[in-house]
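On the provided structure of chain A, position chain B as indicated by the hints.
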Amino acid sequence: GEDVEQSLFLSVREGDSSVINCTYTDSSSTYLYWYKQEPGAGLQLLTYIFSNMDMKQDQRLTVLLNKKDKHLSLRIADTQTGDSAIYFCAESLSGYSTLTFGKGTMLLVSP
Amino acid sequence: NAGVMQNPRHLVRRRGQEARLRCSPMKGHSHVYWYRQLPEEGLKFMVYLQKENIIDESGMPKERFSAEFPKEGPSILRIQQVVRGDSAAYFCASSPTLRGQGASPYEQYFGPGTRLTVT
Numbered sequence: 001g002e003d004v005e006q007s008l009f010l011s012v013r014e015g016d017s018s019v020i021n022c023t024y025t026d027s028s029s030t031y032l033y034w035y036k037q038e039p040g041a042g043l044q045l046l047t048y049i050f051s052n053m054d055m056k057q058d059q060r061l062t063v064l065l066n067k068k069d070k071h072l073s074l075r076i077a078d079t080q081t082g083d084s085a086i087y088f089c090a091e092s093l094s095g096y097s098t099l100t101f102g103k104g105t106m107l108l109v110s111p
Numbered sequence: 112n113a114g115v116m117q118n119p120r121h122l123v124r125r126r127g128q129e130a131r132l133r134c135s136p137m138k139g140h141s142h143v144y145w146y147r148q149l150p151e152e153g154l155k156f157m158v159y160l161q162k163e164n165i166i167d168e169s170g171m172p173k174e175r176f177s178a179e180f181p182k183e184g185p186s187i188l189r190i191q192q193v194v195r196g197d198s199a200a201y202f203c204a205s206s207p208t209l210r211g212q213g214a215s216p217y218e219q220y221f222g223p224g225t226r227l228t229v230t
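Chains A and B, in that order, give the protein sequences. Using the working numbering, the first residue of the first sequence is number 1, and each one after it goes up by one. Using the working numbering, the first residue of the second sequence is number 112, and each one after it goes up by one.
Among the clues, some could well be false.
To be verified - PhoX-like mimics (lysine-lysine), calculated; alpha carbons at most 25 Å apart, straight line:
id, chain 1, residue 1, chain 2, residue 2
1, A, LYS70, B, LYS155
2, A, LYS36, A, LYS103
3, B, LYS173, A, LYS36
4, A, LYS103, B, LYS173
5, B, LYS155, A, LYS103
These aren't lab readings, by the way, just hints derived from the structure by calculation. The model shown is predicted, which means the values in this text are computed figures rather than measured ones.
Okay, chain A solo, but in the shape it has when bound (with noise of 0.2 Å):
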């Protein structure tokens, strides 16, 4: 079955590279996903990678796709004070496929 698990809680100091992780079990999994989410509103598609890169960078973040290992990671360079927030880590199997979501990491930047 698909399952996605996430560390719950990262802090970070300002200026500081942030790195979240995400691990996930189903290997037939096409797509990977990160999204953003501040207090009292919806997702906010940040990136999203195919399985076939190693790895995709847009501006600040950076996305590493282990295949083998199963593994994802989120990296913001120069974390700011607005970078806080619960971020989502997600798979799905086909582009229209629905998504199954870890459970969410809290990210704090303090100044």
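This is chain B only, laid out in the frame that chain A set:
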């Protein structure tokens, strides 16, 4: 281009009443997904619809819950005879068709959610 719209944003119902949650997908999107988020939990898939069709309802409770996406108008998630355990945030997401304009079909865009409280 407006994003995914959901209303109401907050809904309070007494036990036994009905709750109706509405979702208008982004323009050009014909795929709608409903997810439920319980307190301090991740989102759990409920149902996936296209216009006038339910594609996958494997995450929907068998009783009291129903969903539709008519040819015209928003998608509706309906919960009959609500119980306290239904209290949660309900999120709708939409994704475009392959031939649609804008973003990739692999991207699901979420609305702000409806927070249902059952008293």
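Results for each hint:
1. A:LYS70 x B:LYS155: holds, 21 Å
2. A:LYS36 x A:LYS103: Answer holds: A:LYS36 to A:LYS103 is near 12 Å, not above 25 Å.
3. B:LYS173 x A:LYS36: Cα-Cα ~30 Å, so violated.
4. A:LYS103 x B:LYS173: holds, 24 Å
5. B:LYS155 x A:LYS103: Answer holds: B:LYS155 to A:LYS103 is near 10 Å, not above 25 Å.
The structure fails hint 3 only (numbered hints given earlier).
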